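Could you slot chain B onto chain A? The hints should help.
Just so you know, the protein sequences line up as chains A and B, in that order. Per the working numbering, the very first residue in the first sequence carries number 509; after that it's consecutive. Per the working numbering, the very first residue in the second sequence carries number 253; after that it's consecutive.
Since the hints were derived computationally from the structure, they do not count as laboratory data. A portion of the hints provided could be inaccurate.
What the hints assert, rightly or not - Derived lysine-lysine pairs resembling DSS-like cross-links, with alpha carbons at most 27 angstroms apart:
#1 K541(A) <-> K369(B)
#2 K349(B) <-> K422(B)
#3 K369(B) <-> K456(B)
#4 K459(B) <-> K541(A)
#5 K586(A) <-> K602(A)
#6 K310(B) <-> K541(A)
#7 K369(B) <-> K586(A)
#8 K541(A) <-> K366(B)
#9 K459(B) <-> K310(B)
#10 K586(A) <-> K366(B)
#11 K422(B) <-> K366(B)
#12 K541(A) <-> K586(A)
To be verified - To spell it out: a stretch of chain B is covered by chain A in this simulated footprint if at least three of its residues, at any positions, have a beta carbon under 8 angstroms from a beta carbon of chain A; those stretches are:
#13 337–343
#14 350–362
Unchecked claim - A few chain A positions that, by computed beta-carbon distances, are all more than 10 angstroms from chain B:
#15 D590
#16 V599
#17 V608
#18 A615
#19 S618
#20 Q626
#21 T657
#22 D660
#23 E689
#24 V697
Just so it is clear, the structure is predicted and the values come from calculations on it, not from any experiment. Backbone N, C-alpha and C fix where the C-beta goes; we use that ideal spot for every residue, glycine too.
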Amino acid sequence: MKRRVTLLLLILMVSGCTTSTVESDFPIPVVDKLPLRVAVHYDETFSNYAYREESTGEPSWVIMLGSANVAMFRRVFKGMFDETVELPEIVPLKFPVDNVDAVLVPAVESFELRVPQQPPVTPEGMPRGLEGVSETTDYFTVWITYRMTMYDSQGREIASWPVRAYGQTPSGVMDMFGPDEALARTTTVAMRDAGAYLSIYFEDEPRIREWLRESGWNNRSQPHRRGGAMRAR
Amino acid sequence: MNRRSARATTLVLGLALASGCMNARVEQSRSAATGIEDGEAIVILARGLHNGNETESKFIDCVDRTLAGGQPALRVIGDETFRDTFYPWFEPRTAPKAAEDLGTLLAEDALATKLRKEQVRYLVWIEGSTEALDGGGGISCAAGPGAAGCVGLMWWEKDSSYEAAIWDLKNGTSVGEVRADVNGMSVVPALIVPVPMIAPTQGKACKRLADQLRSFLVEGVS
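Isolated chain A, as found in the complex (with noise of 0.2 angstroms):
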């Protein structure tokens, strides 16, 4: 298997770049929604996020997920709130929104993978991963920090919070689909991650859950989703 690795990512290098255009079509959250009309802010930057690795000596990644983004958070908002609404892609955003609770505003903070058999760290020295895994390992993992950002009506910030997730697919998928395929599921398996923890965990930010008490949208004082069923990691 490590041979078979080996050899396609030797090909690779050779033959230069990757592209990965991630797949749009996630599921709507099954979560009990909330009471609000939400209006969301995809940028320019977001809705055409593409990551870029080049490093001398090493094959080249390009990953599209700016569409799968817009897609994935779309979905899951649905899930989350009573309405949600678009506001346009130009910047900056102009307060006030009328006619809403709140806006939400999402970016790509981090985007950083490893594929089978790379080397922990970069030719430039800088450790691959949010994790330190510190040896070379037989899976594609992607790890992608989204900052999301929620304002009142007038534009006051009511929280900023990071979002942060982890996607691993086994080498197996690279010789069944090839690198790229390969690649953007593993960027599929964290984007869910993403969005599941998201959908989950919203009301669990506390300056989230005090806006939401002190606006009379929830008056439960305690985190309700907090259980057993979610391991930190």
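Relative to the frame of chain A, chain B by itself:
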């Protein structure tokens, strides 16, 4: 036939005979009565994707097919369909780790309502793998003008070991476990042409586990 060739022949015959047989062990432990009504569904999920212990997806597919196709046939919801339908509760990071977490999970109104609507009764977590154990021998092949052939013998042992933990979503409890272990020897004797005799341990483990699961769920008590 001298003594040496007689011994070699005996070894070949012994391995060839051994290749036809597999040892299977199936066990179960029950902590509550079971039973399944018309229309109720069962879901088979692989455990441990993030821990690098991914149960082969073809094994899960095999258990799905066997349960859906046998007698009595059970209504099986596929892994991917289930994870999408009940997103975000069964993703690698959010799925319940133990039956004790079911109480918290089923307290989610939207999820509990959908589980009732889809009539999902049992959730079965499967963990395990098929691994090659000891092996030996070798085959040499040669080709010349007008002739080619191989001579030799190779053998290896495979072990398929899988465990299924069964949760009752209607009652929010663990109802028991079923375990299947199948061990077998694969042999490839070659006298001009190699003749592989592969022990299908994974297929056998799938069949045994699925049959035991079916009787565990349908018969209710044992």
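K586(A) paired with K366(B) [C-alpha distance capped at 27 angstroms]:
holds (17 angstroms)
For T657(A), is the shortest beta carbon distance to chain B beyond 10 angstroms?
Check passes; 21 angstroms lies beyond 10 angstroms.
Grab the minimum beta-carbon distance between A615(A) and chain B and tell me whether it stays above 10 angstroms.
holds (21 angstroms)
Would you check the hint for K369(B) and K586(A), treating anything up to 27 angstroms between C-alpha atoms as holding?
This hinted pair holds, its Cα atoms lying about 21 angstroms apart.
Verdict on Q626(A) as a residue remote from chain B, using beta-carbon distances over 10 angstroms
holds (16 angstroms)
Per the coverage rule (Cβ-Cβ under 8 angstroms, at least three residues), is the segment 350–362 of chain B covered by chain A?
Coverage by chain A holds for the segment 350–362 of chain B (10 residues, Cβ < 8 angstroms).
Over 10 angstroms to the closest beta carbon of chain B is the bar; see if E689(A) clears it.
Correct as stated: the minimum Cβ-Cβ distance to chain B is 16 angstroms, above 10 angstroms.
Verify this label for me: V697(A) is non-interface relative to chain B, using a Cβ-Cβ cutoff of 10 angstroms.
violated (8 angstroms)
For a C-alpha distance cap of 27 angstroms, please report whether K459(B) and K310(B) respect it.
holds (13 angstroms)
Check the hint pairing K422(B) with K366(B) against an upper bound of 27 angstroms on the C-alpha distance.
The given pair, whose Cα atoms are some 12 angstroms apart, holds under the 27 angstroms limit.
Check whether the Cα positions of K310(B) and K541(A) lie no farther apart than 27 angstroms.
violated (36 angstroms)
For a C-alpha distance cap of 27 angstroms, please report whether K541(A) and K366(B) respect it.
holds (14 angstroms)
Hints 3, 4, 6, 24 from the earlier list are contradicted by this structure; the remaining hints agree with it.
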